[in-house]
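> So the chains spell out like this:
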Amino acid sequence: MNRELVIAFWRQRGSAAFRMAFLLLVFGFPLLMTAAMPGGGLGIVRDAVGITMVLAAGMIGQDVSSGVLQLLFARPVRRSEYVLSRWLSVAVAAGAIAVLQIALAWLILNARGAPQESGMVLLTMLQRVVEVIQITAVMAMFSSLVNGVGDLGLWFATTVVGGILQLAAQAKGWGWVGRVGAELNRIVGPDVGLVALMRGTGGWSDLVTTLSIAALALLIAVVLVNRKELSYATTG
Amino acid sequence: MPPPADSAPRGATRGVPIALIAIAVLLLVARIAVGMYERGRFASASRGGPFQGNVQFNVQDKVRWQTIEAGEALALRTGKPILYDFTAEWCGPCKALEHEVFAQEGAAAMISGNFVPIRVTDRQREDGRNTADVARLQSRYQVNGFPTLVVARGDSVALRIEGYPGKQQVMTQLMQAGLPFR
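Chains A and B, in that order, are what the protein sequence lines are.
For the first sequence, position 83 matches number 83 in my numbering, and the numbering has no gaps at all.
To get my numbering, take the position in the second sequence, counting from 1, and add 236.
Next comes chain A alone, as it looks inside the complex (with noise of 0.2 angstroms):
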């Protein structure tokens, strides 16, 4: 991991008012919701993917649109190092404000008398930033794939192909089909299952799928970047 990196991509970041818009409208509206709809408890917060994406969008396609990823690479920085550094600034961030996100949506249900057990706060948050390394990685590799943010356009259509693909298998009954749908809906939509783990009703094989697509993630986005070559002519 290189620091100096990891810092001046949340610097970058914090200085996008148009994506600070849109985290501060996806952090905050699920927590109106929660204030106005007590009784829809923590699940109003569950999903981390919006924080998420705002964040990690273009984390490394635009680098190579605008350029920067040419002349960082001028530099002897290891690309494995650039890579990595680029998903551990987003997941952190994106990890520790999902975590916020939660606490203060606790705070707000026991101010408005839905009070949520402690330990079960807790899981969802360590639940809330296993989910934010899968989709932080699997944006990483999509980001590697396209330029800009074509990453976010890569996510939504395995999202989308996912949900047809299993509808597909539905209809005609095709077992294979559907389970290639499930796989590409589980790439982009990590079902971690720590709570049911921890409270003895569910198994592990949720957060293993979760920890080897993020790992197998952040592999193939280290070798995609590994082979891009990049080049250093203007075209304007």
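Bear in mind the hints are in silico, worked out from the structure with no lab data behind them.
Incorrect hints may have been included.
No farther apart than 20 angstroms at their CA atoms in a straight line, the calculated lysine to aspartate or glutamate pairs in the EDC-like style are these [stated by the list, open to error]: (1) Lys-172(A) to Glu-305(B); (2) Lys-172(A) to Glu-183(A); (3) Lys-403(B) to Asp-391(B); (4) Lys-298(B) to Glu-341(B); (5) Lys-172(A) to Asp-363(B).
A quick note: this is a predicted structure, and the numbers were derived from the prediction, not measured.
Mind docking chain B on chain A? Use the hints.
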């Protein structure tokens, strides 16, 4: 600041960390192994084999379960609390709950008399997805494992039991939650 230009040879910048390869391979192997183990365990459970206390399956459930739509409409009409049973076909403890509580005449009568019972069966593992109604209820009541019993009065949750703590505890809590003016 990036390190100075002469600190490392250029060819060394494109390596893949061995640790990352090792972790990815290890987790992939673990995923396959755990998946196979758990699939075998669930298959054993659904055949009625020894799992979670030698529970035999395919028992006669005596609770009058409602569909989600009909049950929610009935609850609005009668004012009774809804008892949601979040379950899954492959779930061993769910079968134990079914066998020891829902298949017993007395318990079933108490449940059907005091609640509008709605069974919400997860099909994620079998079909890869759930219906919109099932997904909505799982999200609303934060269902993270099975079985989960939720007693809902309007927008508020009167009781929540995760896992199967045993017949005695389930019945005691259900009876308390089913009292009209609790």
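> With reference to the structure, classify each hint as holding or not holding.
Status of the hints after comparison with the structure:
{"no.": "1", "hint": "Lys-172(A) to Glu-305(B)", "in the structure": "27 angstroms, violated"}
{"no.": "2", "hint": "Lys-172(A) to Glu-183(A)", "in the structure": "18 angstroms, holds"}
{"no.": "3", "hint": "Lys-403(B) to Asp-391(B)", "in the structure": "27 angstroms, violated"}
{"no.": "4", "hint": "Lys-298(B) to Glu-341(B)", "in the structure": "7 angstroms, holds"}
{"no.": "5", "hint": "Lys-172(A) to Asp-363(B)", "in the structure": "12 angstroms, holds"}
Figure legend: structure checked against the earlier numbered hints; hints not met, in rising order: 1, 3.
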